[in-house]
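S.K.: These protein sequence lines are chains E and S, in that order.
Per numbering that gives the first Met the number 0, the very first residue in the first sequence carries number 0; after that it's consecutive.
Per numbering that gives the first Met the number 0, the very first residue in the second sequence carries number 0; after that it's consecutive.
One thing to keep in mind: the hints can contain errors.
Chain copies aren't distinguished; within one or between two, either way the pair holds.
Stated by the list, open to error - With a Cα cut of at most 25 Å, we get these calculated BS3-like pairs of lysine-lysine: (1) K151 x K7; (2) K252 x K224; (3) K169 x K224; (4) K252 x K169; (5) K224 x K151; (6) K58 x K224; (7) K151 x K252; (8) K252 x K7; (9) K7 x K58.
Calculated directly from the structure, the hints in this document are not laboratory data.
There are 2 protein chains.
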Amino acid sequence: MSDSLGPKLQSPLFDQITIIGLGLIGSSLARAAMQQNLGTTVIGFDRSPEVRARSRELKFATSIAEDLAQAVREADLIILCAPVGANAEIAEQMAPHLKTGAIISDVGSVKASVVAAISPHLPQGVHFIPAHPVAGTEYSGPDAGFATLFNKRWCIVTPLPDSSEAAIAKVAEFWQACGSNVELMSPHHHDQVLAITSHIPHLIAYNIVGTAAHMEAVTQSEVIKFSAGGFRDFTRIAASDPTMWRDVFLNNKEAVLEMLGRFTEDLTALQRMIRYGDGDGLFDLFTRTRDIRRNIIAEGQETAAPDFGRRSESEPQK
Amino acid sequence: MSDSLGPKLQSPLFDQITIIGLGLIGSSLARAAMQQNLGTTVIGFDRSPEVRARSRELKFATSIAEDLAQAVREADLIILCAPVGANAEIAEQMAPHLKTGAIISDVGSVKASVVAAISPHLPQGVHFIPAHPVAGTEYSGPDAGFATLFNKRWCIVTPLPDSSEAAIAKVAEFWQACGSNVELMSPHHHDQVLAITSHIPHLIAYNIVGTAAHMEAVTQSEVIKFSAGGFRDFTRIAASDPTMWRDVFLNNKEAVLEMLGRFTEDLTALQRMIRYGDGDGLFDLFTRTRDIRRNIIAEGQETAAPDFGRRSESEPQK
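Bound conformation, chain E alone (with noise of 0.2 Å):
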């Protein structure tokens, strides 16, 4: 087992942690409870009866519990690790069960919307403290997660106005021993944010699979054979979660519909320069994406190894 996310609590920071939605997110959070003592017990929970059998089998919390209300009712901390389309009827029917005093989290990748969509429901006296750890595979399922995924990761917490300062505190403290890097923002600013830096590119990514897949005059297998050229980088994130991803287009519409505008009106003027042969506003355009790659290798958030690391299949890197 890693240590790598440092030596684990002395003493827990919750008495009952309860996890909803076991798949990469949800699992790999309880296994980082579990591995850090973030909590005395951690309790899961799945509204599919094999997730919750696999999850039984895997081990990763204290308990799975059989109904929502069950898994909820001595709760302190809640967080709702579904997709986010699913938050408003999970709020609604946990509602009548909550503690008074109860933190409710989250790990949407969508922010404003899950505040309207939960913040209805929930009774007085619990806290809602949105967040969102900015980490994942293409993989999903309770199989798919580990306890260091969001290891040197950001993790996004959104307050609203009203929030309590202890909780949001108790939050935050929560993704530092999981390892990750915390920022505050409010929930709209966030869905800006993650509208260039994820959603966007999942969109085009998931377009150009699309449109590579209705070819006539190159075949499918050509596409597969010689997608090394650059092609094969977009399917990684093109292979992530469908129902994910369909709630986060349909929850941050008005963010991603902004930001594809301009993504757009940049393409066509770069489709016109390629038509009249500008190789000099190519060129410039084409130096300066280079520096932004430097940056986010400096701060940490890629690895600088050439072709991913993919190279040491065959040799060692340098």
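Assemble chain S onto chain E, guided by the hints.
M.R.: Below, chain S without anything else, positioned relative to chain E:
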């Protein structure tokens, strides 16, 4: 040193191999040719005095020539590895010095325009066999090269209607000894295949990185911090060599504009689905795109490690 290219040849394929242009591809090719005993001598040349000096220090060739005429005079195989836009001038300058029976090849990412640029300058009695190894990293220059760059990657050879079968076979043998799988197709078809598998992916990666650099609502530092949500995958290919890519777009204009038209059409349809909340349409596309990645992994053109193996920074792979 890696032995993953297999045993080196008992006797060289060529007496003298000359490589013109000693960047990532040219210097990798020289290293592979030396390691695999593909030529009795391997001569390098680059028009930049700095690159020549550095290449001598790196010792990846038998020797580095001081001028083009001297580099090609005795060569049995000449491979042009300069940016595509430089090919016409190189062909014109080297033409008077070529040995009868010499094979001229190249590594350009576009083929029809390379054929048009080079063919008119070549004298009778030499063989021109264009080729394109589909391999690379985001790094440039003689230091970035390594002998196994082409291992298990495809090399597309695009013979002309009157190409000699013996010369085609010799070039194919050369690439196979560098570890590549060889496929033959026409220059025109090559350009269509690469437009979708490589040129369009690069173009939209350059474009989104450019778009992200000009937001008012989101700062550059936020883009960098939260890039792990998807954006950073695009920055890798948007960090590729600007000169090479300018030349690619100027020289494969027709196929790139055609495929870009389809990409934009599909993106407009996707944008409409988001605007009108067509969740089923989104889910359907996002499900179909998963298969193509599975096939790329099955074909050995990609690693199956989650997150491109970035996870290995903090925890061993499953």
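S.K.: Does each hint fit the structure? Answer for all of them.
M.R.: Okay, the hints, checked on the actual structure:
no., hint, in the structure
1, K151 x K7, "within (16 Å within a copy, 44 Å between copies)"
2, K252 x K224, "between (35 Å within a copy, 23 Å between copies)"
3, K169 x K224, "between (50 Å within a copy, 23 Å between copies)"
4, K252 x K169, "neither (31 Å within a copy, 56 Å between copies)"
5, K224 x K151, "between (35 Å within a copy, 11 Å between copies)"
6, K58 x K224, "neither (40 Å within a copy, 33 Å between copies)"
7, K151 x K252, "neither (29 Å within a copy, 42 Å between copies)"
8, K252 x K7, "neither (40 Å within a copy, 57 Å between copies)"
9, K7 x K58, "within (19 Å within a copy, 50 Å between copies)"
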